[in-house]
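Start counting the sequence shown at 1; every next residue gets the next number (the UniProt record's numbering).
Computed beta-carbon distance windows for the label pairs: (1) T406 - R73: 42 to 50 Å; (2) L311 - R184: 26 to 34 Å; (3) Q152 - L187: 47 to 55 Å.
Just so you know, the hints here were simulated from the structure itself, not pulled from any lab data.
Quick reminder that beta carbons are idealized off the backbone N, C-alpha and C, glycines included.
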Amino acid sequence: MKLFGKKPSTEKPKAKTSAKPIIKPVAKPVAKPAAKPVRKAPKKPPGRNAAHDTRHPLKAATLLYSSPNAFFRGAVYFLFFTLIGMLIYSGYATKDTVVEAPLKLQRQAMVIQAIGGGLIESVEVGENSPVSVGDELATIQEKIRAATTPEQEALQRQIGGLQHQEREAAKTAEFRLSQMELDRLNLTQRRATEQAAIDNRIRQIDIQLQITQRNRAGIDEDLGSARRDLGVKQQLFAMRDIPQVELQRAQTRVSDLQRALNNADAEIQNVRLALESAKGDRAQIAETFSQARQENEIENLKRARQRDQALNRDRIAELNRRLLESRTLVPGVRYDDDKALYTSIVDGVVTNVHIQRGTIINPGAPLFTMVRNTAPLEAHVLIPNRDIGKIRRGQKVQIKYFAYPTQDYGVQTGSITEISAKPAAAEPGKPSLYLVNVALEKETVTGPSGLTRALEIGIEGYAQIKTGEKRFLEILFAPSSRFFEPIVD
Numbered sequence: 001m002k003l004f005g006k007k008p009s010t011e012k013p014k015a016k017t018s019a020k021p022i023i024k025p026v027a028k029p030v031a032k033p034a035a036k037p038v039r040k041a042p043k044k045p046p047g048r049n050a051a052h053d054t055r056h057p058l059k060a061a062t063l064l065y066s067s068p069n070a071f072f073r074g075a076v077y078f079l080f081f082t083l084i085g086m087l088i089y090s091g092y093a094t095k096d097t098v099v100e101a102p103l104k105l106q107r108q109a110m111v112i113q114a115i116g117g118g119l120i121e122s123v124e125v126g127e128n129s130p131v132s133v134g135d136e137l138a139t140i141q142e143k144i145r146a147a148t149t150p151e152q153e154a155l156q157r158q159i160g161g162l163q164h165q166e167r168e169a170a171k172t173a174e175f176r177l178s179q180m181e182l183d184r185l186n187l188t189q190r191r192a193t194e195q196a197a198i199d200n201r202i203r204q205i206d207i208q209l210q211i212t213q214r215n216r217a218g219i220d221e222d223l224g225s226a227r228r229d230l231g232v233k234q235q236l237f238a239m240r241d242i243p244q245v246e247l248q249r250a251q252t253r254v255s256d257l258q259r260a261l262n263n264a265d266a267e268i269q270n271v272r273l274a275l276e277s278a279k280g281d282r283a284q285i286a287e288t289f290s291q292a293r294q295e296n297e298i299e300n301l302k303r304a305r306q307r308d309q310a311l312n313r314d315r316i317a318e319l320n321r322r323l324l325e326s327r328t329l330v331p332g333v334r335y336d337d338d339k340a341l342y343t344s345i346v347d348g349v350v351t352n353v354h355i356q357r358g359t360i361i362n363p364g365a366p367l368f369t370m371v372r373n374t375a376p377l378e379a380h381v382l383i384p385n386r387d388i389g390k391i392r393r394g395q396k397v398q399i400k401y402f403a404y405p406t407q408d409y410g411v412q413t414g415s416i417t418e419i420s421a422k423p424a425a426a427e428p429g430k431p432s433l434y435l436v437n438v439a440l441e442k443e444t445v446t447g448p449s450g451l452t453r454a455l456e457i458g459i460e461g462y463a464q465i466k467t468g469e470k471r472f473l474e475i476l477f478a479p480s481s482r483f484f485e486p487i488v489d
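Generate the whole structure from the sequences, applying the supplied hints.
Right, dumping it as structure tokens:
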């Protein structure tokens, strides 16, 4: 058995003469555990460096970098990067979502309705029967005649609306006129009150002026007498017949009367100014409370009311005339006592008959569905209920006819013009279908040889309507997305 460690020394230590001998401990030999048998490494392929030999114990884990076949390794890399590229491409690339539905070409149809209700005596035409203008369609023994048609009801509503507007306008105009008349009366009363006050003031000022003038006249007379008396006193004082006091007294009286006369003149001037001011106020009041403006407004309101009345009368008369014409003339219906004879008003084909002989119908019931010869072709497309929410008017439609293969005649186009509000009657167990009308871009197809063919009623095919776009990634993971949808109770 192989042992690890140093071999025990068999030599005796040499003794020194100058010191005690040092005895070193001798390590005991330790037995080495038995080594496990080592598996021999496989022989390396010739020419391969041993430093690169790092294979995993599992062969599948080192398949990509330890495959001995270089061609197989390249194929794996190619598939891996191709898959990555496809995932990246699917995140950006899109695909149109299309609704496909069957179609059938028809011409625009018109429905003939019953004017009155009664018993169907005879039906002269059947489905797909060609008719011309004036051809008899049916005879109805009328028991209930509709009082009005939808057109007549619309005319009557318009007439009623105009009459209601006329009544409301008359009430409004009458109220405004009465209000303006009341304002004019109030203005007249205010003007009379103000003018009476001013006139009273003018009379008082005039009386005051007269009194002042009389006072001045008395003062002027007294002043003249005082001046004469002063002249006498001056003569007597010169002759020494009176004392100086008498002369001064006479002079004082003259000066006092002169001042009183001047004051009277000033007072007269002030009173005259007050009189002129009062007269000016009276004229201003007359201008302020003038009725001319209100009278003009009243006159303008009356003229506008007359104009509106004339316009409404003309409109009501025109509507009454149209209502009378609609009641006396019904196109395509001729009356013989209580029988109504229905005739065709266009050249075309009867595509559907809604009545049978011996049945009783009500006013407004459909009698026939007709298609004019000159009516444009249109495609009737039946869209399932699950796709009708994606359809809207104006959408472009690609049309492919069964009778004209697309590889020879190409794809035709059109646009949606009408979508039915309710689904057509469906068979039990089948989804409901909505009728969608598609206007054709052209009513002909051109073959590979340049030959043009006209489309006809009854040609079938299918329509493709683009409703949006989806990325390829959404389409790829669409099945798994259902697991993430919320559950609604």
